[in-house]
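Asks: So the chains spell out like this:
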Amino acid sequence: GQSLEQPSEVTAVEGAIVQINCTYQTSGFYGLSWYQQHDGGAPTFLSYNGLDGLEETGRFSSFLSRSDSYGYLLLQELQMKDSASYFCAVSPAGGYNKLIFGAGTRLAVHP
Amino acid sequence: KAGVTQTPRYLIKTRGQQVTLSCSPISGHRSVSWYQQTPGQGLQFLFEYFSETQRNKGNFPGRFSGRQFSNSRSEMNVSTLELGDSALYLCAISLAVVEGNEQFFGPGTRLTVL
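From first to last, the protein sequence lines are chains A and B.
Here this note's numbering is used: the first sequence runs in plain steps of one and ends on residue 134.
Here this note's numbering is used: the second sequence runs in plain steps of one and ends on residue 115.
Because the hints were derived from the structure by calculation, they are not lab data.
This one's a predicted model, so the numbers in the text were calculated from it and none came from an experiment.
The beta-carbon is built from N, C-alpha and C at its ideal position, and this holds for glycine as well.
Distance ranges between label pairs, derived from CB positions: (1) A:Ser-50 <-> B:Gln-55: 18 to 26 Å; (2) B:Lys-58 <-> A:Arg-82: 34 to 42 Å; (3) A:Gly-38 <-> B:Glu-83: 41 to 49 Å.
Listed next, the in silico DMTMM-like pairs over lysine to aspartate or glutamate satisfying Cα-Cα at most 25 Å (straight line): (4) B:Lys-58 <-> A:Glu-28; (5) A:Lys-104 <-> A:Glu-32; (6) B:Lys-14 <-> A:Asp-62.
Among chain A residues calculated to face chain B with C-beta under 10 Å, some are: (7) Gln-60; (8) Thr-67; (9) Gly-127.
With the sequences and hints as input, model every part of the structure.
Replies: Quick look at the structure:
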């Protein structure tokens, strides 16, 4: 089976950098994704790592290390609008478009 | 451009009733997945339909079912509703055939079971 662990809450100030970690136990997967969800909204895709290494998309970067069963989302130059929940998710091998999500990390950005 | 509409947006039912939720992707999206989101269990995969065929199913009881039509629209049905079925039900679409691609989520249907 698959399980993903991420911190439940993270707090940071505007302009800072924050890293949200995701450790996983899985028998096989194609890649690790990150989604953002604001209160009352739907999850929106942020990033996908199919291979080990760093993927950069503007202020957001994501990293995957399969050997360490570990990934992270890095948010730079934090803005108030980044206050949201962030979910890591794996695409299990043979699961087509199925996603298995972590419990989510609630990020609070303060002035 | 990818996009998906879900109806209704809000729904209140009582225990024992059944409910049907609808998901309408913009044309061209052949894969539709459904998820249940609750505070206690988080985001959980229900099932995926591709070209009118269910090709993956999550760990939910048989009360949860779905289908997809030839125009890619999908419905999910929950029979004999229980209080624990209160949740946000999300559908997601993917253009790609291969695994691991970006999923676009609809706004969801908020179901409350009384």
